[in-house]
Structures are given as C-alpha cells and as structure tokens.
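Peer 1: Residue numbers (the numbering used here), protein chains in the order written: chain Y, 538 to 833; chain G, 192 to 498.
Some hints could be false.
[As the list claims (entries may be wrong)] One side only, chain G facing chain Y, incomplete, derived with CB under 8 Å:
{"no.": "1", "residue": "L271"}
{"no.": "2", "residue": "G293"}
{"no.": "3", "residue": "G427"}
{"no.": "4", "residue": "L473"}
These aren't lab readings, by the way, just hints derived from the structure by calculation.
Don't be surprised by glycine CBs; every beta carbon is placed ideally from N, CA and C.
The residues making up each chain are set out below.
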Amino acid sequence: MLTELLGFPPQVLFGQLLLGLINGAFYAVLSLGLAVIFGLLNIVNFAHGALYMLGAFAALGITQYLGLGYWGALIVAPIAVGAFGIVIERLLLRRLAGVDHLYGLLLTFGLALVIEGTFVKFFGSSGLPYPTPKALEGGVNLGFMFLPWYRAWVVVASLLVCGATWFLFERTKIGAYLRAGTENPKLLQAFGVNVPLLTTLAYGYGVALAAFAGVLAAPITQVNPLMGSNLIIVVFAVVVIGGMGSIMGAVVTGLAMGVIEGLTKVFWPEASATVIFVVMAIVLVLRPAGLFGKTA
Amino acid sequence: MNAKIGYLIALVLLIVAPFVIYPVFLMKVLCFALFASAFNLILGYGGLLSFGHAAFFGGASYVTGHALKVWGLPTELGILTGAAAACVLGFLVGMIAIRRQGIYFAMITLAMAQMVFFLFITAPFTGGENGLQGIPRGTALGAIDLQDNLNMYYFVLAIFVLAYFLISRTVNSPFGQVLGAIRDNENRAKSLGYDTDKYKLLAFVLSATLAGLAGATKSVVFQLASLTDAHWHMSGEVVLMTLLGGLGTIPGPAVGAGIIVTLQNYLAKGPLGGWVPVVLGLIFIVCVLAFRRGVVGEIKAMIRKSF
Numbered sequence: 538m539l540t541e542l543l544g545f546p547p548q549v550l551f552g553q554l555l556l557g558l559i560n561g562a563f564y565a566v567l568s569l570g571l572a573v574i575f576g577l578l579n580i581v582n583f584a585h586g587a588l589y590m591l592g593a594f595a596a597l598g599i600t601q602y603l604g605l606g607y608w609g610a611l612i613v614a615p616i617a618v619g620a621f622g623i624v625i626e627r628l629l630l631r632r633l634a635g636v637d638h639l640y641g642l643l644l645t646f647g648l649a650l651v652i653e654g655t656f657v658k659f660f661g662s663s664g665l666p667y668p669t670p671k672a673l674e675g676g677v678n679l680g681f682m683f684l685p686w687y688r689a690w691v692v693v694a695s696l697l698v699c700g701a702t703w704f705l706f707e708r709t710k711i712g713a714y715l716r717a718g719t720e721n722p723k724l725l726q727a728f729g730v731n732v733p734l735l736t737t738l739a740y741g742y743g744v745a746l747a748a749f750a751g752v753l754a755a756p757i758t759q760v761n762p763l764m765g766s767n768l769i770i771v772v773f774a775v776v777v778i779g780g781m782g783s784i785m786g787a788v789v790t791g792l793a794m795g796v797i798e799g800l801t802k803v804f805w806p807e808a809s810a811t812v813i814f815v816v817m818a819i820v821l822v823l824r825p826a827g828l829f830g831k832t833a
Numbered sequence: 192m193n194a195k196i197g198y199l200i201a202l203v204l205l206i207v208a209p210f211v212i213y214p215v216f217l218m219k220v221l222c223f224a225l226f227a228s229a230f231n232l233i234l235g236y237g238g239l240l241s242f243g244h245a246a247f248f249g250g251a252s253y254v255t256g257h258a259l260k261v262w263g264l265p266t267e268l269g270i271l272t273g274a275a276a277a278c279v280l281g282f283l284v285g286m287i288a289i290r291r292q293g294i295y296f297a298m299i300t301l302a303m304a305q306m307v308f309f310l311f312i313t314a315p316f317t318g319g320e321n322g323l324q325g326i327p328r329g330t331a332l333g334a335i336d337l338q339d340n341l342n343m344y345y346f347v348l349a350i351f352v353l354a355y356f357l358i359s360r361t362v363n364s365p366f367g368q369v370l371g372a373i374r375d376n377e378n379r380a381k382s383l384g385y386d387t388d389k390y391k392l393l394a395f396v397l398s399a400t401l402a403g404l405a406g407a408t409k410s411v412v413f414q415l416a417s418l419t420d421a422h423w424h425m426s427g428e429v430v431l432m433t434l435l436g437g438l439g440t441i442p443g444p445a446v447g448a449g450i451i452v453t454l455q456n457y458l459a460k461g462p463l464g465g466w467v468p469v470v471l472g473l474i475f476i477v478c479v480l481a482f483r484r485g486v487v488g489e490i491k492a493m494i495r496k497s498f
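Only chain Y is shown next, with the shape it has when bound in the complex (with noise of 0.2 Å):
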C-alpha cells in the first residue's frame, strides 16, 4: 500500500507535495507583500518580482563582498531592498497619490522594466549559483519520501514570517495604525497620526518580505534576473483568488495554489504551467471577490 499511492510512487507524489509547499510559500510571501502595500497605498506593485530577484542578488554580493554568509544575507538583504524601496516610493510613488490606481501599476512595471533590464544587461539571463547554507545540507529520509533540510527550513521560515507579519498587523499598536490607514487614512491623520511616513514604512515592509523570499530562493532555484518575472504573474492570480483582504487568505490562499500546482505536475504535467490561473477563472465565475475578499 506504502509503495503506490493512486498508481504512483509515494517518493514521487511527497516530493512534488514539498516543491508545491515551497512554491506555496514563495506564494504566500510575496502575496501577503503586496497586500501589505496595496492596503496603505492602493497601488498593486508590479516591480514585487523585480524586488524578489533583488534580494537574491543581495544576498549573492552581501555573501562575496561582506562575507556576512547566508544567515547575514537573511537579514541584511531585506533590510537594504527594504531601504531601496522606502527610496522608490519617496522618490517615485508618493506623486502619484490622487491620480487613479493604474497608473500606480504603470509606473511599478516600467520601474520592473529598468530594474530587471538593467541585470540582464549585466549578469545576463542565465543563473548564477548560491550555495545551501552549510548547517542545512543533507537531510532527512522520512520512509516515505527524502526531506532536505534547507527545503524544509524554506517552508518554516516563511511560515514564520507570515506569522510575524500577522503579529505585527492585528496585535500590536502599529498594527493597528496600519489597519486604520487601510480604512480611512484622512480620519487617522486628522487624529495625529504620520500617515505618510505609515505609507512609505509599508512600502518597504512589503518591498522587504519580497527580498527575504528571494533570499530564501537563492540555493533552490539559482540567482536570475528574471527569476521573478513570471513568478509576479503567477502570484497576481493568486491575489485575485485569495482577495487582499486578508493576511490569513493571502497565507493559506498562497500555500494551497503551490500544493494544488505540485499535485498538478504528478498527475497531469502538462497542466501544471497553467493549473492556477484555471482556478482563478473558476474562482471569478463562482465568487467574483476572490475566496477571502470582501463583497464590494
């Protein structure tokens, strides 16, 4: 019974559930990111892949040049793309508040275009290596299936992330702050309250986790400049599914498509390309506000 499960090789199916769990969390990242921004800035950020790739690039130079390693790169990386963005959206972004939301998602593609343009100008489109952190080579054999361990680290960490993020939005002071903006921004400012400084923190919040993703990418699926330029679309779809209007959505929507994609590439490998934005159009059909979204 252990050998085959419906016709297939429990190695097979376990190993592409684990792929799916990791793509899941890149998803749920990346996702929960451009929730974050969206909400304070009512822009949907299209230069996320672009910020995703940038943070493995950090970690590759921080890695070379400061010999921080990977641990260091974990950190410093997102903090220093945080700062980028923090950058963009003083410089950039902030001037287009008043004007109507698409020009938001113009202005992010073409800073996605320049950004992305200018490391393939440079590196070229082909990867570059990142090796796996020395503590979490090797793995584990469940019976069942093969775990590695940095595979395994990808998918806690992440989680953890998620979490913090929940944290910080729904239980502590700032939090609250941000959720109000989301609401109303004029009443919160007339209560005293920074909002603009509260806008451009959730930039680079948001422009962060993008960063972190990436550095968590970097041993999996090498160091590209375009690694992040189809992945964006692939995680609009699972926005437009999950809704924005949840941390916990964008969390459990972004775990599921990965699980579902995995699954996908077992049983219909043809299919697993495009497996999510089917269930997207399923989803509009069925439940126009995505699964968790409000009813507008």
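With chain Y held as given, fit chain G onto it using these hints.
Peer 2: Below, chain G without anything else, positioned relative to chain Y:
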C-alpha cells in the same frame, strides 16, 4: 473640419512614404499603430486597463500563420480567420475579466494571457520556441503579388485605414458615448438603465478582434508568428505606446506606436542595443509621472490654450 484636413495630409504622406522610407519598417509601424489604436478602445474609451492584449495579437498571428501555411487559405481569408480567433478568445477572456474592475481587471487579463501563452508554448501547431516560419504572403484579391514589398505595403495601409476608420466611428457612435459614460461613472450609467457589463464586454471583444487583425497582418508581413508577440512584454509595450501617444485620443496610440517602433529600431542598431527594455521602462516612468496626457493630449491642450 481641421481634423479632416489633418487626416487627408496624413493619408497622402502615408501613400508617398514607402518611396522615401523602407516599406517593411513602415508596415511594422502600421501594424503596431493598429494594435495600439485597438487597445485604446478598451483603455482610453472604456477605462479598463487590459494587460493581456498580447494574447490576442500573438494568438491571431499564429492562427493566420497556420491558416495560410497549412490550410493554404487565400491571404485575406487567412487574416480574417486570425481576427475571428482573436474575437472568440476576447469573448472568453472578457467574460471572466469584466467580473472585476480597476486593478483587478488588469491582473486578471494578465493572468489569462499568461495562460494562453503557456498553451502556445506546448501546443503542437505553434512550433514552440522557433515559432511558425515561412508563412506565405500569397496574393491580394487573387491577382496582386504580395511578395513585392510595395504591394504588401499598400495592402497593409488599406487594412489600417479601414480599421482606423472603424475605430473612430465606434468612438463617436452612441455606443462610444455610453462607453465613455461608463468609464467616467459606472454607477450613473447603470442607474440610467444601461447594462454596463454588456457594453464593456462588447468593447473588449471589439478591441481584441482589432488587436488580432493587427497581429494577423504582422504575421503576413514578416512571414513569422512567434512567442514574442504573445508574451506579456508585448502587452506592456502596447500600453506604453497608447500612454505615450495619448490615452483616449483617436490618433494618439498610432503616434505613440510610431515613436516606440522608431526608437526600438534606432536603439537596436546603436551601442544601446541591449538597453531597450530599460529605455522603455524609463519612458514608462516619465510618462506616468509627468506626461499623462501623452503627445497628442499635450498638443490638444496647447491648441486649446492658445485659442
């Protein structure tokens, strides 16, 4: 009156142009001008940002290529088949996408187009990474040899002028007026009794069909249908052309397409060859920040000020 004289001058220039400028380049400009004008129907006049128009442009070019190369249809019929395929695809994508508005509409069209793109990668008739090569140009009206670039140019010009006329008629028709009303205030249009979803869907399908016509024509001109035309970068490029030329102005997108295609050709030859996406991205940023009316929009505003 002024507009009519302007169009007459433009038409004369377009007729003389191939004797001065390389006709293949001009045909490329015309194809993209048509693509952007079609796109403007849904963005400029419908207020809906579609980030998936490459699926219609690229999809039609594949269908036309297949129809001409494998089925051996006459050129006109092959192009119409491609446009019809884009029409069907536009209906399917539109049905799903119009369920949400604003930025969600953009994300949904983008995702749907990406799905279509993956289908093209795996479908047997598209030739994968190589694309469909050696599409025959054939003859126009069964007699005019389109292998000749000058003949081909006038054939493309005729398609462009007809489609452009159709677009400007649509925009100025009662249908176009309702569309504008929906763009400006959808709830008000609803309260006046208009079934806004139907109008939006019709505009989307029309826009997709004409985008398909542009893609189909381009595949005949270059005798090639490839993944580049269906990739989301192409969807982004057509947004840029429309924005740069002037959203919601009839000649704007064609002007924007002319500028972008010229720029791409010029850059590709020079030392900045590898920087094209970066330059396009920078133009995007400048347009959004400081130049939202676009070239034609700015000119219109200047004329209005000086009188």
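Peer 1: Each hint needs a verdict: does it hold in this structure or not?
Peer 2: Quick rundown of the hints versus the structure:
no.: 1; hint: L271; result: violated (28 Å)
no.: 2; hint: G293; result: holds (6 Å)
no.: 3; hint: G427; result: holds (6 Å)
no.: 4; hint: L473; result: holds (6 Å)
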